[in-house]
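Work the whole structure out from these sequences, hints included.
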Amino acid sequence: MHAALRAILRPLPLAVPSLWLALLVAAPLLVVLVLAFAWPAESVPPIAPPWGAEGPNTEPFALVLEDSFYHAAFAQAALVAAGTAALCLLLGFPMAMGLARARPAWRLPLLMAVLLPFWTGFLPRLGAWIGLLRDEGWVNTVLQSLGLITDPLPLLYSWPALFLGMAHAYLPFAVLPLYASLSRRDPAMEEAAADLGATPWAVFRTVTLPLAAPGAAAAFLLVFIPAAGEYVIPELLGPPGAQLVGRVLWQEFFQNRDWPVAAALAVLLLLALLLPILLFQRLEARR
Amino acid sequence: MLRRRIATAAFAALLGLSAAMPARAQQPETVLNVYNWSDYIDPYAVAQFQQETGIRIRYDVYDSLETLEGKLSAGRSGYDIIVPTSEPTFSRLARAGALKPLDRALIPNWGKQDATLLRQVESSDPGNRFGAIYLYGTVGLGIRADRVRELFPDAPTDSLDLLMKPENARRLARCGIAVMDSATDVLPSILQWLGRDPNSTEPRDLRAAEDALTAIRPHVRAITASGNILDALANGEYCVALTYSGDVIQAQARAREAKRGVEIGYVAPKEGAQLWFDMLAIPADAPHPEAAHRFIDFLLQPAVMAGITNHVRYPNAVPEARPMVNPAVRDDPDVYPTPEMLKRTFTTAPLTPAAERARSRSWSRFKAGR
Chain A
1 MHAALRAILR PLPLAVPSLW LALLVAAPLL VVLVLAFAWP AESVPPIAPP WGAEGPNTEP
61 FALVLEDSFY HAAFAQAALV AAGTAALCLL LGFPMAMGLA RARPAWRLPL LMAVLLPFWT
121 GFLPRLGAWI GLLRDEGWVN TVLQSLGLIT DPLPLLYSWP ALFLGMAHAY LPFAVLPLYA
181 SLSRRDPAME EAAADLGATP WAVFRTVTLP LAAPGAAAAF LLVFIPAAGE YVIPELLGPP
241 GAQLVGRVLW QEFFQNRDWP VAAALAVLLL LALLLPILLF QRLEARR
Chain B
1 MLRRRIATAA FAALLGLSAA MPARAQQPET VLNVYNWSDY IDPYAVAQFQ QETGIRIRYD
61 VYDSLETLEG KLSAGRSGYD IIVPTSEPTF SRLARAGALK PLDRALIPNW GKQDATLLRQ
121 VESSDPGNRF GAIYLYGTVG LGIRADRVRE LFPDAPTDSL DLLMKPENAR RLARCGIAVM
181 DSATDVLPSI LQWLGRDPNS TEPRDLRAAE DALTAIRPHV RAITASGNIL DALANGEYCV
241 ALTYSGDVIQ AQARAREAKR GVEIGYVAPK EGAQLWFDML AIPADAPHPE AAHRFIDFLL
301 QPAVMAGITN HVRYPNAVPE ARPMVNPAVR DDPDVYPTPE MLKRTFTTAP LTPAAERARS
361 RSWSRFKAGR
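Just so you know, the protein sequences line up as chains A and B, in that order.
Under our numbering, the first sequence has 156 at position 156, and the numbering climbs by one with no breaks.
Under our numbering, the second sequence has 273 at position 273, and the numbering climbs by one with no breaks.
There is no bait here: all hints are sound.
No more than 20 Å apart at the CA atoms, straight line, and that leaves these computed lysine to aspartate or glutamate pairs for EDC-like: (1) B:K259 with B:D146; (2) B:K100 with A:E42; (3) B:K270 with B:D154; (4) B:K343 with B:D197; (5) B:K259 with A:E136; (6) B:K259 with B:E150; (7) B:K100 with B:E29; (8) B:K71 with A:E42; (9) B:K343 with B:E122.
To spell it out: a stretch of chain B is covered by chain A in this simulated footprint if at least three of its residues, at any positions, have a beta carbon under 8 Å from a beta carbon of chain A; those stretches are: (10) 69-75; (11) 87-97; (12) 229-238.
Over 12 Å on every C-beta distance to chain A, these chain B residues come out as not near it, computed from the model: (13) G111; (14) P153; (15) L194.
Keep in mind that the hints were calculated from the coordinates and are not lab data.
All residues carry an ideal CB built from backbone N, CA and C; glycine is no exception.
Put into structure tokens, the structure is as follows:
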């Protein structure tokens, strides 16, 4: 009796996450995959299923794989994601060091300060950047009133504005894993190095940095993966030429109403991100 | 056949769309879900309709046709009234079966509409079966007159030459050039400026338009939704913007109110301007079609239409409304095109999906600047 009950109950804790994964990951993925082989049509929804008389439609994948326009979109996304991740590491490393070395009483408030922007909506924060960077925005107004420039600088809709917005949005993703790896290290190691005559720079280079490397790699990937599919920030802050894959996907879906091509792009983006995701998992497993 | 139907139904269900709901018992409709462009109605008209009919309006807005069409394409949007532009969205929704044919018996004011304008809409909707004209306008240039005079005193401000000749664009780039992000509302004007058929789908015509746009691409600061251009134009951020007439007129009014010396004018290019219509339409699966017909009939009353035009500064298609429109708006040829100006306008026709893809691809290349 007891054994039977246990046999029923034991898989239950696993059932919840399994159901979650099935409903919110596997099923949508399957829909996207089916859509990628559907035919565009003038109907509601604007597609004909892939199991009609014509069979599955292989054109979307062929188009995306052959057309250099899409290659450029993927390449741009990879460059922007890598640039964003590098920027976040550069900015996040000193922040994480400061956090890890702060007195324990200070750590929590400082951590909160890192996370605080997450409590405000994403769009209002981008709106704030637009307000700052516009031709008639604060930055230009201040520079003009100081007499440093006469004509406003075209700050908005530029690559620097795009990277600024990306770094701002993704910085916490870099700070937290860096902080986790830096706070776990034993301060005695650095003290030992210093006692043995190493300069502070030598301590940092030969002890702190190598110890933080796995955390840094995790931080890089944790920023890179979501940043590669980003489309809101390029749309709102970036130049018209920033046609990253996320933005191109949006255009295929909304402007061209070509759901199959949009779905094919989504599938290929996911496949392209599998490598960094697997890399990240291996890193995490080793820690 | 049946198997295919079942498969299609399963496919629809897979997409999260439920099958047709059981018809509800006939009862007076008390709610109307309206989905309109942002800043595009006289709030008083909404209040008046609610008071007269007892029907409560749930009002929702969009700022691009893509948003509207995205929602409608998924099906079961829940809206009763939508206001798509004649091309491409209205005609495409009609062809896709997403719109309900209007029952003119329920719209006694149907005949108040200008017959000539209705005929022009027929290129998108033969027989005017699916839509009544809400407001209309042209595509042209919003010009920040004070800055352009200063930078470029002898600028050809009545022509698309101002934007499309690279030497002119270069002179104006410093104070900002914007183009609305819409292949269907920009490419026809460029073709017209080139002296070609604005509805051409010939690859060499499209190529010529793309080359002309690419030549000015380095000087274009923003290619963005028309709503964004309206705001930035009112703030004085651009010198020249290719966008909808009414948006420029609204920006002009806002700039005047702000009293910061920003002076904005609108020009329908002398080469010929694209004429477009925003149509009142009812989605095929609208939950309250009867109330929707009442709303269309209500809006077509001359006094109501005059109030809307006074508020949003787009012309309407109800001739009897004209005497009631504020003279400053009525006599402004930028708002109400004169008959001679109307003669120089053109309407666009539906495109085949292949032609549309070619256009949007060409547009993407222009945006990317490659």
